[in-house]
Each structure stands twice: as structure tokens, then as C-alpha cells.
Amino acid sequence: MITTIRLWIEDKLPAWIFLAGLLSIWQLIVAQKWVASYLLPSPLQIFDTTLEMWPDIFAATLSTAQSILWGLGLSLIIGVSSALIFFSIPIARRAVLPFCIFFQTVPIIAIAPLLVIWFGYGQPTVNASAFIVSLFPILANTLTGLQETDPQLKELFRLYKPSRWQLVFKLQIPSAIPYIITGIKISAGLAVVGAIVGEFIAGGGLGSLIDAARTQQRVDLVFSGVFMSSGLALSLVYTINLVTGLLFRHRPYLRKQ
Amino acid sequence: MSSIEVQQLEKSFSSDAQALFAGLSFTLDSDECLCLLGPSGCGKTTLLRLLMGLEQPSSGTIHVDPALDAKMSYVFQEPRLVPWRTCLENVLLPLELTAENNPAARDRAVELLQKIGLGDRLEHFPDQLSGGMQMRVALARALITQPKIILLDEPFAALDERTRFHMQDLLLELKARLQLQYIFVTHSISEAVYLSDRILLLDNTGAARDIRSVPFRERNQHLKLTPAFNDVVKEYSSLFSDMEDSMKKSNAAQSKQ
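Residue numbers (the numbering used here), protein chains in the order written: chain A, 1 to 257; chain B, 1 to 257.
Please keep in mind that the hints were generated in silico from the structure rather than gathered at the bench.
Be careful, since some hints might not be right.
[Stated by the list, open to error] Listed next, the in silico DSBU-like pairs over lysine-lysine satisfying Cα-Cα at most 35 Å (straight line): (1) B:K248 / A:K170; (2) B:K248 / B:K148; (3) A:K170 / B:K115; (4) A:K170 / A:K154; (5) A:K170 / B:K224; (6) B:K248 / B:K224; (7) B:K248 / A:K161; (8) B:K234 / A:K154; (9) B:K224 / A:K154; (10) B:K148 / A:K161.
[Stated by the list, open to error] Computed footprint of chain A on chain B; a stretch qualifies when at least three of its residues, placed anywhere within it, have a C-beta under 8 Å from a C-beta of chain A: (11) 92 to 103; (12) 174 to 182.
Keep in mind that this is a model prediction, so the values were computed, not measured.
Beta carbons: idealized from backbone N, C-alpha and C, even for Gly.
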């Protein structure tokens, strides 16, 4: 127990002290009126606004979270299965992957209006936006993981003449799991961006709340929305760590990244 | 009756490189255990891989008795344990891939691990074991399929002396009890004399000297302390040195040209 506390102090305390210092300086700057509060509201003002507007902020956060989970879940299913197909059928990889890479380079803000035309205003467009930006890291990481299977282990398996499926399920997929987990973590952050951008254009959720607050010059509310978005991304990464930790609690190697 | 017949064997890895073995031919009787001895780079591992079918000869033929072909097992120079599988699961891997995994096989794997001194490490992962322990698990994995011939590539090089002696005696015991035939690579002349009925001395020019009469039939660790054993080791050491000298001379002559 004492060791755990000591480790926590060594590992986490510096960041909390830095955060406390930063917030104090920020509060001081605004309280001394060195910066106008309509440009930079104080941390306490942001906290008050968050409390005051909590029902609206909570509903918006919930809506954004739903879209993120939709987008990320779909990316996980389609990304991993596409990677498996590309890995098993090299000609499919050569034919399709260059276009996936090209598609990834097009900014989501440029695609979002198209999504509104296709899916209409509201959550379907936001889900699609979160899906598009979070797909590629999962696909690319899974494919890399499958391709990076240790050649020495492949040779070992060859000794026992495994079937194609045995090779995939007993060697290649387990080898790729640490890469898939990394891909999910990268995609989680991107899915938040995709959802917020989608909401700017299609409405609803934190994106819409931030956009509305901007038009009303409610900088405090903008900050509330921004902090909630960051909170969502952090909780998502924390949840992924928790779930993968639980799933592979008896297989420490698969959690290593 | 011969179990393996090699005729006019040559192997080259590129068109401009000197071919290994220079037409090596030998026949291994079904009751013989063979050791491949020679300096680094002479092709001991390659010959073992050719016998296992992991490499294809550039010319010549290798004929393995069809009754033994499916009963061959191989131990690589490095343990090659699957990192996300426990010791026991690693040993059971060949049986999983050949669909022979059942409770009796599990009992056999546990028994094997106990025999090699890892009975208390069944649920440990490879990264929790020392290099020597990992090598012993690799040996157990090769033995679980109840092979008739086992090919071992410097299997005991990473082991401490006491464990090495124990593993050498285990091989001799399996040979006596199960008529297990083995072909192994080593750099130790003493180990070669102790474990084999026959030694194939290879050199870098492709020449091979076949020593058919390793004279000891009854073996235990005390044999290594006898003058007779040490005389044989000395005799083969000088043979080995002669081969190395002639190889150096031939290399020097080649570089002058």
C-alpha cells in the first residue's frame, strides 16, 4: 500500500502540482484584470457556468459520447476485418489500400458537408464523421501487426503444418493484438475530433454547444465544452486501458505496447 | 535399415556464393544417433534444416524413411516460445495444431515438464523464465509429439553445466527407453563423443569426415572422467584442428589468387 502511494506520488503528483499552479496563475491573471474576462474567463467562472448549464452540457456530452462510441465501434469492426482481408488477399490490399491512404489525407472538415447531404442533419452524420476519421489508424495498425508476425514463430508453426485458419487465429491475430490496442487508442482521440467536427456542421452534442456559445460570445461556455470534450477523450482512453487490462489480465504480453 | 539417406547434397544461397557440402553423401541407420560438428559457417544448421525440410537442396537428394517422416521433431538454436502462451501451453502447441490435444496429452506435457525440472513453472510465461529454462521448454515441446527422430540445433549451449548434463542424460534415457533417434549440432567435442554413435565432421570447404565408430555404448556422466573417454576427445580434437588448419591454408591460397 505504502509502495503504491509512493509510486503514485512519484508518477502523478508532479502533473497535479503543475495543473494546480497553472490554474492559480490563470485565476490570478483574470482576477487582476490583466486580461478581460470576456476574452479569457477565469477557471472559477468556467466551473460556475458548467454547474449552471449542467443539464444542457450533460445532454450534449452524452450525445457526443454516443456518436464517438458508434464511430469507434464501427471502425473497430470494419478496420480489423478489412485488415484481415487485405492481409489474406494481397491483390485486394494493393488495389484498395492506396485509396484508403488517399481518403485519410482529405480533411474531415471538407467531407463533413457531403455527409450532411447524404445522411441529413443530426446524429447519423456525426456518427459517420467519427467513423471516417477513426477507421484508418485501426486498419493500418492491425495490418502492420499481422504483417509483423515474428518470422521465427511462423517457421516454428510451419513444422506442424497448420491450416490457414490455425495460423491466423493462433499466431497472426494474437501477434497483432498489441498493435490493434494501440490503433484503438489513437482512433479514440480522433473519433472525438471527428464527432465534434461533425456536430459543428450537422448539429447536436458538444460541437453544436460550442458553436452556439461562440456565436453568443459565451467564452466561458466554449471552455466548458472544450473541457468536456477533453474529458470524453481521456475517459475513453482510460476505459480502453481498463477493458484491455481485464480482457488480457492473464496474458500480460498482449497488453504490452 | 536406413532412416535417412543423403546423396550428392549441395546447397548454395546465392549464385556467386560457394556451395555448402560439395556433394555430401551419407546414410544414417535407424539405430544411429549422429552429431554434426564443425566450425562456424560450415553449414551444420543448414544441413539440419535441409534434413527437416525447412530448406530445399540446390542439388542432390535427401530421402527420409516415409514411416519416420511424420515422426520427426526439431529444436531450434533459440527457444522460439510463443510469448503469450504459458510453459504448458507452449508444450501443447504442436498437439493443438495437429488436433491431438486431449487430457492425456496434457498429463504427458505436465510429466515432461516435471522431468526437465519445470514442474513448478507450468503457468509461467516465457519472459518469466531464464534462457536455459526456455530451452528446456522448447525441448519438451519437441518431445510431446512422441517423435522417432529429433533434430537438435545446439540445444544445450545456453544451459548451465549441471542442467546440460541432466539434459544429455535425458536424451540418452529417451534413446534407450523409446528408441528415439537424434541428430544434433554442437560445438563441444566432449558432448559429441558422449551423446553420439557417429560424428560428421564438416568444414567450410565442403569436405566432411564421417567418424563412424564412437566407441562407447554404455554411457553415464562418470564416463567423462575416464582416461579412455578423454583420449577419444583428444583424438577428435586433433582431427578437428587438422581440418581447421587445412581450411585456413585453403582460404589463404584462395585469397592470394
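Verification of the supplied hints:
1. For the suggested pair B:K248 and A:K170, the alpha carbons sit about 47 Å apart, so the restraint of at most 35 Å is broken.
2. With a C-alpha separation of about 38 Å, the suggested pairing of B:K248 with B:K148 is violated against the 35 Å cut-off.
3. Of the supplied pair hints, the one linking A:K170 and B:K115 holds, its CA atoms being roughly 27 Å apart against a limit of 35 Å.
4. As the CA atoms of A:K170 and A:K154 are separated by approximately 11 Å, the hinted pair is consistent with the 35 Å bound.
5. In summary, the hint linking A:K170 to B:K224 is not supported, as the alpha carbons are separated by about 44 Å, beyond the 35 Å threshold.
6. Taking the CA atoms of B:K248 and B:K224, the gap is near 31 Å; set against the 35 Å cutoff, the hint holds.
7. For a cut-off of 35 Å, the pair hint linking B:K248 to A:K161 is broken: about 42 Å separates their Cα positions.
8. For the hint linking B:K234 to A:K154, the alpha-carbon distance of about 41 Å lies beyond 35 Å, and the restraint is violated.
9. Proposed proximity of B:K224 and A:K154 is contradicted: the alpha carbons are some 39 Å apart, above 35 Å.
10. Between B:K148 and A:K161 the alpha-carbon distance is near 18 Å, which keeps this suggested pair within the 35 Å criterion.
11. With 5 residues bearing a CB less than 8 Å from a CB of chain A, the segment 92 to 103 of chain B meets the requirement of three and the coverage assertion stands.
12. Judged by the Cβ-Cβ criterion of 8 Å, the segment 174 to 182 of chain B is not covered by chain A as claimed, because only 0 of its residues qualify and three are needed.
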